[in-house]
Amino acid sequence: MTDMHQDTGHDGTGDRAEDAIDAGTAEAFLSHDESLRHAPGPYFGSYGGRWMPESLIAALDELQDTFDKAKADPEFTAQVAELNRNYAGRPSLLTEAQRFAEHCGGVRIFLKREDLNHTGSHKINNVLGQALIAKRMGKTRVIAETGAGQHGVASATAAALLGLECVVYMGAEDTRRQALNVARMQLLGATVVPVTNGSQTLKDAINEALRDWVANVETTHYLLGTAAGAHPFPSMVRYFHEVIGDEAREQILEQTGKLPDAVCACVGGGSNAIGMFHGFLDDRDVALYGFEAGGDGVETGRHAATITLGRPGVLHGARSYLMQDEDGQTMESHSISAGLDYPGVGPEHAYLADIGRAHYEPITDAEAMEAFKILSQAEGIIPAIETAHALAGAMKVGRRLAADLGPGEKASDRIVVVNLSGRGDKDVATAAEYFDLLPDDSAEQEIAQEGEQL
Amino acid sequence: MTTHPATAPSTGPATGSKAAAAIEKARSEGRAALIGYLPAGFPDVQATIDAGIAMAENGVDLIEIGIPYSDPVMDGHVIQEATVEALANGFTVPRIFDVVAGITSATDAAVLVMTYWNPVMRMGVREFAERLAAAGGAGLITPDLIPDEASEWLEASDAFGLDRVFLVAPSTSPQRMQATVDASRGFVYAVSVMGVTGARTSVGAAARAVVDAAHAAGAERVCVGLGVSSSAQVREIGAYADGVIVGTALVAALRDGGVDAVAELTRELSTGTGKASA
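Residue numbers (this note's numbering), protein chains in the order written: chain A, 1 to 454; chain B, 1 to 278.
Next comes chain A alone, as it looks inside the complex (with noise of 0.2 Å):
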């Protein structure tokens, strides 16, 4: 890992060493005295904290104290429990992956269903979490970003659902390219805004959120998609998240009666790894795999694997892995899957890659849509493309796996479990596009040309 992390910029140097967590936390973790779990942030080690503007500390401490009552309130998670359950449709299925785990030198294949939720991923979890506490400050409107649109549609879902007025941010850009979930949040009753400021991408639309927050914070409630940004959202993000990692861990006990040999998600901000990863991350035994964005290939400069060729730096209220240049200015991320494409990464990642409790590696944009298609013929499943990273690198740990069994073992007594984040609906003009399969003149190919994913 470390001899693979330099400069995204130019001059090679890195700092991961000097930024490292100190010594004595890492050996507390490593003699297994200090459990990982249900990490309260601020600081992830030297990751996390409050860089944000003072205008909107007030509101951030708020919502701390809303949150950190609303966990201790049997009514807010029995609320919370019933929305999963008999709204988002949870629990989630684990799905053993028989004709996949072919692909994967053998080993057993688990999929975790989050894309068989309601809306189609593992947003939900997060957005009816968040809307909850947005009604219990007493806010009546709620901001997102979005980048592909599925947060933004989570969001508007939960808005919709909760009464409150919701207000999306997505790049202009993205707007035009994702014409259907445009229309898709505004049959929620969402608005929808093009945000035409600086690189028109997703971190762009955060930053516009932002400047709406700092507008409106009395009636407003910022409801970020991921596991990144200023204190508490990191940890409240990661805590709405955890019901995925659970799940799966008493899922695969009662399939397997043994915990995985390695747990696997894709990572862009984080949010569904760390919800997957939390609940393995004190089973020591358990390796931990998140899968960024490698685009054209970390080689190429066109990516967005944030931990493997970030630096540390500060976006977005947190600091964490970033892709910067020379100059602190944040670099514009590459990925076939909008979802990834975030040139930031959420600070308890930043902290698991550093103290070894977890690994990244890129998957570069082939890697994923071969996966992608392999899930879709051997499964039946069409996976986002976003997960198909995750699929991808779930292959080479399997195969790892296979190649490194003792004396007596086999593949099949390695288990693996693959966080299925989402359903690949919106990606089909993207993949029929990618593989070829429209024809010349179709309506369709105009807009795959253009990037839609439906």
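These aren't lab readings, by the way, just hints derived from the structure by calculation.
Every value quoted in this text rests on a predicted model; they were computed, and no experiment measured them.
A portion of the hints provided could be inaccurate.
[To be verified] Here are the in silico distance ranges between beta carbons for each label pair: (1) Asp-283/A - Ser-202/B: 54 to 62 Å; (2) Ala-183/A - Ala-216/B: 49 to 57 Å; (3) Glu-130/B - Gly-297/A: 33 to 41 Å; (4) His-77/B - Ala-179/A: 19 to 27 Å; (5) Gln-98/A - Arg-126/B: 52 to 60 Å; (6) Leu-259/A - His-77/B: 51 to 59 Å; (7) Glu-155/B - Pro-40/A: 50 to 58 Å.
[Stated by the list, open to error] For the chain A half of the interface with chain B, some residues (derived, Cβ under 7 Å), not all of them: (8) Trp-51; (9) Ser-55; (10) Gly-106; (11) Gly-189; (12) Pro-194; (13) Gln-200; (14) Asn-207; (15) Leu-210; (16) Val-214; (17) Gln-329.
Glycine is no exception: its CB is placed at the ideal position from the N, C-alpha and C atoms.
Add chain B to chain A, keeping to what the hints say.
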């Protein structure tokens, strides 16, 4: 004006603080200080230096130069567009020191740098501070750095004798007001409204409440920024604050009319402090 000077060691004596000295000089002339903001490198580095000198020669007491940054969450459209253009024109962070040195070598104005934190962190806080001091800079205004996260900067600013201007807002709690006033040196930046930079017809009553709260917490110098664009507003705010900060209006003037327009607007704004007529 100051209610508890003893509790404000950092914003207290003007000794060693260039920003404090500039504001105290205005005070000694019976007026509020006028502070003008421009982003570095818009449209190029020499233009920023020329415009900075023009501001100093036409009634500005303190100059604030912004570092263009990819993610300026506290800035409205006018400043965003200017900084995007500066970056597109090739501005790089180390050139901020050329801008500061260019202005301080030609005028007596104190020059503060306004910057989002990541560019400073990327260069290294201590190295940045050392180079800023060497260029003759007064210190930093830090819109997304709160004292809670500023330990490195507190140390570096002490080491190199630089001002550290933190922001306070209408939403700031009494406890945070006290801590921020205590951590600041030079002056305390009072955000007039809950919002981002940009001209507004009125800054409202919230600004005065923030200034009063900062003074009550022991700040000797409190300057108001965000939304100020006319001499009338400068006059109104100068009646209760120690300085008035104008940004967007000057940036728009530079954009539309070049350095001459900046000089003219500065003269007009300074009538609000009484300096032009003094």
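**Q.** Pro-194/A as an interface hint toward chain B, with CB separation required under 7 Å
**A.** violated (14 Å)
Q.
Against the range 52 to 60 Å, how does the distance between the Cβ atoms of Gln-98/A and Arg-126/B compare: consistent or not?
A. Given a distance of about 58 Å, which is inside 52 to 60 Å, the answer is holds.
Q: For the range 33 to 41 Å, tell me whether the beta carbons of Glu-130/B and Gly-297/A fit it or not.
A: holds (39 Å)
Q. Does the CB of Asn-207/A sit less than 7 Å away from some CB of chain B?
A. Because about 5 Å separates Asn-207/A from the closest Cβ in chain B, which is inside the 7 Å limit, the hint holds.
Q: Using the Cβ atoms, figure out if Asp-283/A sits within 54 to 62 Å of Ser-202/B.
A: Since the Cβ atoms of Asp-283/A and Ser-202/B sit about 59 Å apart, the hinted range of 54 to 62 Å holds.
Q | Minimum beta-carbon distance criterion (7 Å), Gln-200/A to chain B | A | violated (11 Å)
Q | Given hint Gly-189/A near chain B, where the shortest CB pair must fall under 7 Å | A | Check failed: Cβ of Gly-189/A comes no nearer than 26 Å to chain B, outside 7 Å.
Q. Regarding the hint that Ser-55/A lies at the interface with chain B, is the smallest CB-CB distance below 7 Å?
A. Constraint on Ser-55/A satisfied, holds at 4 Å.
Q.
For the hint 50 to 58 Å, verify it against the beta carbon of Glu-155/B and that of Pro-40/A.
A. violated (27 Å)
**Q.** Range hint 51 to 59 Å (beta carbons of Leu-259/A and His-77/B) holds or violated
**A.** holds (53 Å)
**Q.** Hint check: 7 Å Cβ-Cβ cutoff, Val-214/A to chain B
**A.** holds (6 Å)
Q: Have a go at the Gln-329/A hint: is there a Cβ in chain B nearer than 7 Å to its own Cβ?
A: Nearest chain B Cβ about 4 Å off; hint holds.
Hints 7, 10, 11, 12 and 13, counting from the list given before, are not met by this structure.
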